[in-house]
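Enquirer: Sequence:
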Amino acid sequence: MLGFVRPRGPKAMTELSPSHYRTAFEYASDAIFLHDPDDGHIIEANQTSERLTGFSRAELLNQTVAAISPPRPAFSIEEAQRRIRRATEEGGYTFEWVCIHRSGGEYPVEVNLKLITVEGRRLVLALFRDIRERKLYEDRLIAREAHFRRLIQHSSDGIAIVNHNGRLRYVSPSISTVLGYDERRATGRNVLHYIHPEDIDRLRQLLRREATGCGEAEVAHHVTYRILHRDGHWRHHEATCKNLLAAPDIQGVLINYRDVTERIEAELRARERERELEHVARCRSMGELASALAHELNQPFAAIGNYVGGCIHRLESGRFDRDETLDALRLASAQADRAGRIMVSMRNFTRRSDPTRAMADVNAMVRDVAPFIDLKAAREGVRVVYRLSPRPLETLADPILIAQVILNIAFNGIEAMAETPAERRSLVIATDHLPRAVRISIEDRGHGLPKMNPDKIFDAFYTTKKQGLGIGLTLCRTIVDSHQGHMWVTSGNGGTLFHVALPVGTPEEGTA
Numbered sequence: 027m028l029g030f031v032r033p034r035g036p037k038a039m040t041e042l043s044p045s046h047y048r049t050a051f052e053y054a055s056d057a058i059f060l061h062d063p064d065d066g067h068i069i070e071a072n073q074t075s076e077r078l079t080g081f082s083r084a085e086l087l088n089q090t091v092a093a094i095s096p097p098r099p100a101f102s103i104e105e106a107q108r109r110i111r112r113a114t115e116e117g118g119y120t121f122e123w124v125c126i127h128r129s130g131g132e133y134p135v136e137v138n139l140k141l142i143t144v145e146g147r148r149l150v151l152a153l154f155r156d157i158r159e160r161k162l163y164e165d166r167l168i169a170r171e172a173h174f175r176r177l178i179q180h181s182s183d184g185i186a187i188v189n190h191n192g193r194l195r196y197v198s199p200s201i202s203t204v205l206g207y208d209e210r211r212a213t214g215r216n217v218l219h220y221i222h223p224e225d226i227d228r229l230r231q232l233l234r235r236e237a238t239g240c241g242e243a244e245v246a247h248h249v250t251y252r253i254l255h256r257d258g259h260w261r262h263h264e265a266t267c268k269n270l271l272a273a274p275d276i277q278g279v280l281i282n283y284r285d286v287t288e289r290i291e292a293e294l295r296a297r298e299r300e301r302e303l304e305h306v307a308r309c310r311s312m313g314e315l316a317s318a319l320a321h322e323l324n325q326p327f328a329a330i331g332n333y334v335g336g337c338i339h340r341l342e343s344g345r346f347d348r349d350e351t352l353d354a355l356r357l358a359s360a361q362a363d364r365a366g367r368i369m370v371s372m373r374n375f376t377r378r379s380d381p382t383r384a385m386a387d388v389n390a391m392v393r394d395v396a397p398f399i400d401l402k403a404a405r406e407g408v409r410v411v412y413r414l415s416p417r418p419l420e421t422l423a424d425p426i427l428i429a430q431v432i433l434n435i436a437f438n439g440i441e442a443m444a445e446t447p448a449e450r451r452s453l454v455i456a457t458d459h460l461p462r463a464v465r466i467s468i469e470d471r472g473h474g475l476p477k478m479n480p481d482k483i484f485d486a487f488y489t490t491k492k493q494g495l496g497i498g499l500t501l502c503r504t505i506v507d508s509h510q511g512h513m514w515v516t517s518g519n520g521g522t523l524f525h526v527a528l529p530v531g532t533p534e535e536g537t538a
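In the numbering used here, the protein residues as written are 27 to 538.
There may be inaccurate statements among the hints.
Pair ranges (Cβ atoms, derived) [to be verified]: (1) Ser102 with His255: 29 to 37 Å; (2) Glu136 with Ser102: 14 to 22 Å; (3) Thr382 with His190: 36 to 44 Å; (4) Glu105 with Arg195: 36 to 44 Å; (5) His255 with Ala404: 57 to 65 Å; (6) Asp275 with Ala237: 15 to 23 Å; (7) Gln510 with Ile185: 31 to 39 Å; (8) His173 with Pro44: 48 to 56 Å; (9) Arg211 with Ala237: 38 to 46 Å; (10) Ala237 with His127: 19 to 27 Å; (11) His248 with Ala404: 28 to 36 Å; (12) Ala237 with Ile185: 14 to 22 Å; (13) Asp208 with Ala93: 45 to 53 Å.
Keep in mind the hints are simulated off the structure, nothing from the lab.
We put the CB at the ideal spot given by N, CA and C, even for glycine.
Work out the full structure: start from the sequences and follow the hints.
Expert: Quick look at the structure:
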């Protein structure tokens, strides 16, 4: 009942017989059905349809598609006829359907309906393609996509793609967790509108550099910034940016971002505790010198009292020499200046202040604390030798903190010589220049280093003093490390030799 059209014309090298077309029909990889467009009955089917459905051709003929469809509304005979009518109206129609095998199993198929004419009769040609394998891969892909979407959605990190102007082309669902915004509403907005004013220029320059090709493609650049949370607070973010503008599937700058606000706030709190500890340590050092400082201040105050008292006595008696009186007052003024310098040094050393880095000479730092070192040394019978470099040794530092390191090590060295014979008690403080650093060396002749694990002396709460807290050297190393310096200890001339190396600074760094 099938009619076949043979190729015509001079280029037709060989004419195929109807049997050839029949063979092609029977063994096509798709199941082929011919339907009556009016009532949907099957009037022809190929061998592949038998394999696909499990029914013989004789069983299929004069049946409707309902015979091979599951008994559900979505696959009813009415729905099948509606689709057949659509194919007759539009000339062709492709859709997905579900077939049932004779054994009862269900499987998805892709159906292509096309209106054809055979020997003057209008028929609907239906190609049924088994898409079980394709559906299996699709389901796996959908499940995998859902899996990664859940991971991204519940991740503490976020992913965004922005164009060269900062407009969001994509943002991961985790933005709702990280910043409180809805991903759909955020997409299309300019991320720069939410960046802190102090950080926006830096980010804009980064995007501009990437867009103009100055940024190396697919190389990660690290950046930190503050961004506005939906609750109105600024959050600290760390991010890596990759230029993927040339990638066809991305066409933007890929940003992986993370909220580090809690870490930064914890670091600030830790730094504040360090400053408190540094201040307590400086006050404690002055406390150790209380009696010596009282004695040191008593001398100029006693001298001032004597000079002023003498002047008053002479003035009251009416017998005084003008020049002698002026000399006495000048001497009193000099002693007042001496006491004032001691008080200013104490106040500067113990005051609370925000950390400030500036270009400073380590020789000057040693001289600033030398009076306190000399006071303690005199009380303990220790001779102090200063071997300072004849030229300035400048570094970018907080002078008060480095002076605290010098004072702490020197005090430890003096106390370590309590059992050293008096004639050998000496403390040597030296400064010199290394290739890329300036160095402060402090050597004592005390009991030396522990035989096992010398670096143990830098451990928190390690101490050899009866009343010690064990935080002095730990604090010193923390201060030096914060200056990108290095502190180490070696055995000296019968005692201990501490070294503090600080990087050589430049005026530009000092004014930055």
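Enquirer: Now look at each hint and say whether the structure bears it out.
Expert: To see whether the hints hold, each was checked on the structure:
no.	hint	result
1	Ser102 with His255: 29 to 37 Å	53 Å, violated
2	Glu136 with Ser102: 14 to 22 Å	19 Å, holds
3	Thr382 with His190: 36 to 44 Å	39 Å, holds
4	Glu105 with Arg195: 36 to 44 Å	40 Å, holds
5	His255 with Ala404: 57 to 65 Å	59 Å, holds
6	Asp275 with Ala237: 15 to 23 Å	18 Å, holds
7	Gln510 with Ile185: 31 to 39 Å	34 Å, holds
8	His173 with Pro44: 48 to 56 Å	54 Å, holds
9	Arg211 with Ala237: 38 to 46 Å	25 Å, violated
10	Ala237 with His127: 19 to 27 Å	57 Å, violated
11	His248 with Ala404: 28 to 36 Å	54 Å, violated
12	Ala237 with Ile185: 14 to 22 Å	20 Å, holds
13	Asp208 with Ala93: 45 to 53 Å	49 Å, holds
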